[in-house]
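Enquirer: Protein chains in written order, with the UniProt record's numbering: chain F, 1 to 178; chain R, 1 to 178.
Please keep in mind that the hints were generated in silico from the structure rather than gathered at the bench.
Just so you know, not all the hints are guaranteed correct.
What the hints assert, rightly or not - Heads up, incomplete: computed chain R residues facing chain F, CB under 8 Å, no partners named: (1) Arg-49; (2) Leu-50; (3) Asp-62; (4) Leu-82.
Glycine is no exception: its CB is placed at the ideal position from the N, C-alpha and C atoms.
2 protein chains.
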Amino acid sequence: MTERPPAIETMPDGTTLRHPVPSDHPRLQLALADWWGGQGGAVGAAQRRLLVPRLFLQHFADTSYVVERADRTLQAFLIGFLSQTDPDTAYIHFVGVCPEGQRNGLGSALYRRFFNAVGTLGRTRIRCITSPGNLDSIAYHTRMGFRMEPGDRLDQGVPVHLDYDGPGLDRVSFIREL
Amino acid sequence: MTERPPAIETMPDGTTLRHPVPSDHPRLQLALADWWGGQGGAVGAAQRRLLVPRLFLQHFADTSYVVERADRTLQAFLIGFLSQTDPDTAYIHFVGVCPEGQRNGLGSALYRRFFNAVGTLGRTRIRCITSPGNLDSIAYHTRMGFRMEPGDRLDQGVPVHLDYDGPGLDRVSFIREL
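Excised from the complex, chain F in its bound form:
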């Protein structure tokens, strides 16, 4: 059995919150392919997978979290880090909640835990990005207190940064003060 770090918290429903370890990577890769409702098709799944290489579980585990069920299947995760260049900023790179776990506050609980953890470490600002077409994500971040940074173009009220992460990879940029 692979060694795992101790649980940070065990919930009444038997789910456990802990920091990730590198051996969580295959399960995370499956989640990245499966949990987004097929958004972007096979290309979208491959892009999400490439955005979470193993290095995040190796080197940014202490500000990242996984939630797993009693049977050790994955229910949710948050990958975040402290900006090395900007000592005020922490960054949320990727958050996923399994389809049957959505709309029950699990994602928000992970965000709040990250806010608390990085706030304790002196960070005062959180940044993250999403795709302009992911309207659920945009609405969600707005509810969570993020504001959208001005972009290159307004698209139905959404400020879009064109080619932000490469050719064709437009993004919406969020910021939230703690």
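Keeping the supplied structure of chain F fixed, place chain R upon it in accordance with the hints.
Expert: Coordinates of chain R only, in the frame set by chain F:
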């Protein structure tokens, strides 16, 4: 004109070494597509591009470097960071040298600069990975003092970690003590 950080060093041939800024990202994306001799075709180029999202230039600039010519075209880059989870380790994520700049010591100079920078910050170990098929990269890292970590399988003497970064994304893992 986009603001750039001051040069760390200006070489006799007019090239300049400095830390990257987010506005370097489009040039880096072009380099990732063009500098690898077409390795992996269009899929390989897309994979390399997705592995260097803008966040590395925003949040890990202080342990990353670009070399540009007097006409401001890009000649080489190194993207690296300090492990947040392991206080002894620094990680080199991606290094590129333009084809006409290879075999003149530019890559090695960037590696040595990174070793010095992170050594000064107390790091004693450097990690990085490469693809098993990239024999030039494997030979290069061996010459630079890296050793290969044991993998899941030996492939013509090369220890391969299967599906290291996701399905089909095998990797060779390097480590070097400072």
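Enquirer: Could you check the structure against the hints above and give me the numbers of any it violates, in ascending order?
Expert: Those not satisfied: there are none.
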